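With the hints as your guide, set chain E onto chain G.
Chains as they are written, first to last, in numbering that gives the first Met the number 0: chain G, 0 to 373; chain E, 0 to 367.
All clues stand as given, with none of them false.
Below, simulated DSBU-like cross-link-like pairs (lysine-lysine); rule was C-alpha separation at most 30 Å, straight line:
#1 G:Lys174 - E:Lys166
#2 E:Lys149 - E:Lys99
#3 E:Lys166 - E:Lys119
#4 G:Lys180 - E:Lys242
#5 G:Lys189 - G:Lys115
#6 G:Lys115 - G:Lys180
#7 E:Lys119 - E:Lys149
#8 G:Lys180 - E:Lys166
#9 G:Lys182 - G:Lys115
#10 E:Lys119 - E:Lys99
#11 E:Lys166 - E:Lys149
#12 G:Lys115 - G:Lys174
#13 G:Lys174 - E:Lys242
#14 E:Lys166 - G:Lys182
#15 G:Lys189 - G:Lys174
Source of the hints: derived by calculation from the structure; they are not laboratory data.
As the structure is a computational prediction, the values presented were derived from the model and not from experiment.
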Amino acid sequence: MARIELDLAHSYLPDPKQDSDYALLPLQMSFTDGGAYALLGPSGCGKTTLLNIISGLVRPSRGAVLFNGVDVTARSPQERNIAQVFQFPVVYDTMTVADNLAFPLRNRGVPPERIKARVGRIAEMLELSGQLNQRAAGLAADAKQKISLGRGLVREDVSAVLFDEPLTVIDPHLKWQLRRKLKQIHHELKLTLIYVTHDQIEALTFAEQVVVMTRGRAVQIGTAAELFERPRHMFVGHFIGSPGMNFLPARWRDGMLEVTGHTLRLAPALSEALRAAGEFTLGVRPEYVTLADERAEGALVAEVTQVQDVGTYWLLTARAGETLLRARLNPASIAPQVGEQVWLGVLGPHTCFYDRDQQLIAAGPEPQALRVSA
Amino acid sequence: MRLTLEGVAKRVGAATHLYPLDFALQPHAVTVLLGATQAGKTTLMRLMAGLDAPSQGRVRVDGEDVTGRSVRERNVAMVYQQFINYPSMRVFDNIASPLKLRGDLDRAALDRRVRELAVKLHIEPFLDRLPAELSGGQQQRVALARALAKQAPLMLLDEPLVNLDYKLREELREELSALFASGDSTVVYATTEPTEALLLGGYTAVLDAGEVLQYGPTAEVFHRPHSIRVARAFSDPPINLLKGRVAESGIQLAGEVRLAVRASADAPALEGDTPEAGVTVGVRASALRVRPRSGDVALTGRVELAEISGSDTFVHVAAAVGPLVAQLTGVHYFELGAAITLYLDPSQIYVFDARGDLLVAPQRPGAR
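Chain G on its own, in the form it takes in the complex:
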């Protein structure tokens, strides 16, 4: 197992000039030994390129990859001792499940009694014990993918196990059980696991640390709670959560916050941070927008344009100035009607503020500290 450090950039072009020429913009990142990580982002964000650089399938055009402090940039996946699990099952159909699992160990000359013990343990974890003597050919897609996962996890001496969207072929109803297995296995085996996906549930459930990527840039590395509560970049606010974070153009004026024609009072600590920015963006998640009384503190007026019964909550869409705001409202509340004027609370402990570069510059104080007027 290894601590992995990256300090690199990558372009598939010979002479990259602008940001868009890079598949990966300059980044510095380290993966702790035994940690569970996910690389999350939309297609084309660079996550697969990053995974391939870690494994050694792609050599970065600039910079280095270090395993336990040793420069491995020029080494192949075999030399780096990386195990990989791909989107689709890679199994030998004519071999039994046991032989499939044992294959990576036999290849490396591990003694038979050691192989038997390890294969038994992995099979038990993945609930494949009953099928060890069966041929892989007759098994369903999800069982085959479990074998692929098992082959990735069977070696104890790997530097890291890399997964590329490994649950794509799994039936939606079975996914959670495999996610659970992967989490348990990580707890027990303490391997370094790096997981690529575009699915937020996949990433946030599996990983202790999630790297959110967009357009070749890693914009935030954090826990699920950090990404949800304190997105450090507007893209994270947008990408994590359904629907994503609401954004409103705003500015600081004489210690007050101007937003969609309203002047809201700011806590002194916030005022300090926002004064320097001048103009900025207010971000608040639909989960934290509240229906407020007329002219309530921290609230703005908006006109309801849509009310959707999403079953477990009302999804309200309302126009505040030029911006459409979304709010997730308690299903037990009486939902407003389309065309109605409502007051929506947007300032609270979960409110975030972003500068022109979309970076987080301040976040809401505790509610008690809030003194606001419309």
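Okay, now just chain E, sitting in the frame of chain G:
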């Protein structure tokens, strides 16, 4: 446009893809066909379009029998899962193709119409490119623009967003809803995702194993599923189902848990209908909480896994009453195997009889 199916069925060899059904499509509205893979959604859609002929029964458009008539003789627009465009044509010509076929627009009007649609679907900058030069989301937008250009009275979309990233899906779904809202066309939209049906609104037909189980306004079908099968198909995460027995003024569940069920106009008394009979209690994941309120029933168990989506955390629990999934807003962490107590307001349960038919649905204080 009124499309009705009368006693329509579809068999292929010995296999029945669709059992005989009567179905009158809500005109000038969106109808969602909701069901798992293989439920019969695509089969039903192909019969509606005239791509396939039914094995029995009649298909009528505005009263006229069109059963044997092929898709070419009907005015139907279709969008598929795969992004289907003419690969050798520019985006502009792809969108213009149905307009050219119609032949009633002069050059300027055609140009205007194509640009209008391209603006609506945010593909205006790509009009001169070939489809292969676009991302998946953009290619599907071209296919949608072409379908809309046809201005057909019937528009059929078969899981059009399934091959896109979830954020893109969210965005495009909103745009589609807005485009459908005009009510110009009768729209049929197939999906496997309950949440997508709820977000699209309109009407929903729940399909399962070749049968249309229930058809009505989407929210009504969701909140008052006629049967366990509908409730199961129209819930994500799947509705929690617990075996129970009718006992004095309530229901007895496993693990010594008792739920009081009040009779009301909306929820007829259980006693008379099902004395001593087994019932199934349905609990939506969102009805389970980790903070108690007065009158709640406590359900204890152990955490199997907390799945985090960002906006929600889905906690899988091995509980004394049986396996449960709870949906909590926001990010919550639980250790695997940790003890947990979930709380349930007994007025929020569904009760199904031994046949699986709905007896009691929750009160909805927020309903209008």
